[in-house]
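Which chain is which? The protein sequence lines are Z and H, in order. Here the first sequence stands for residues 1 to 115, numbered as in this note's numbering. Here the second sequence stands for residues 116 to 231, numbered as in this note's numbering.
Since the hints were made in silico from the structure, they are not lab data. Honestly, I wouldn't trust all of these hints.
[To be verified] If we take Cβ atoms under 8 Å as the criterion, some of the chain H residues that face chain Z in the derived model are:
id	residue
1	Pro156
2	Gln159
3	Val163
4	Arg178
5	Asn182
6	Ala186
7	Phe206
8	Phe221
Quick reminder that beta carbons are idealized off the backbone N, C-alpha and C, glycines included.
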Amino acid sequence: SAVISQKPSRDICQRGTSLTIQCQVDSQVTMMFWYRQQPGQSLTLIATANQGSEATYESGFVIDKFPISRPNLTFSTLTVSNMSPEDSSIYLCSVGGTVTNYGYTFGSGTRLTVV
Amino acid sequence: AQTVTQSQPEMSVQEAETVTLSCTYDTSESDYYLFWYKQPPSRQMILVIRQEAYKQQNATENRFSVNFQKAAKSFSLKISDSQLGDAAMYFCAYRSANFGNEKLTFGTGTRLTIIP
């Protein structure tokens, strides 16, 4: 299955600043997914990132707040912009589909704390 | 839209015993995939087991097995011979089989504690 390198693993940021999270995959994948996991809760999909097109955002998430780049088939970034304490969460990237035989592989997550 | 429900926020089991985690889902689709994921304190999401809806046979992976009841839209996970390393959050997840709709929808999770 695919191997994902996600960084940073954790960060503490000041409110009003932005953080960019990177995910690198060891094989080419069509779709990459970005999830948010708020403290003690489940995973919520932020957006689906396709190479060569705009990301598709889920209800409640907007591009201005969570801009995503997908410059090639092995890399994607998620930026959390103009952060507030409510953005404190774990952010995970994931790949799935046929490359992983319909299972999904996840990055190790980024634990973000906004102070 | 599909929904996934896990009605047991917490479960505990004695080491070496068997425990069953419940999951129900709602969908109008006939073809889909169901997953159980484990998330230990390291927060890494680990695939435990996968079930294709078109397969009647329940999936099994070593000590982990599922009871898939398609008509009842139920997908429970049985862990046999529980071990201390099984302690984690367990998430049930749904994925449509439709091309282009490959996102996972997760349940709220069950925290499993193993009692030595």
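Here's how the hints hold up against the structure:
no.: 1; hint: Pro156; result: violated, 12 Å
no.: 2; hint: Gln159; result: holds, 5 Å
no.: 3; hint: Val163; result: violated, 10 Å
no.: 4; hint: Arg178; result: violated, 18 Å
no.: 5; hint: Asn182; result: violated, 20 Å
no.: 6; hint: Ala186; result: violated, 22 Å
no.: 7; hint: Phe206; result: holds, 6 Å
no.: 8; hint: Phe221; result: holds, 5 Å
Taken one by one, the earlier hints fail for this structure at numbers 1, 3, 4, 5, 6, listed in ascending order.
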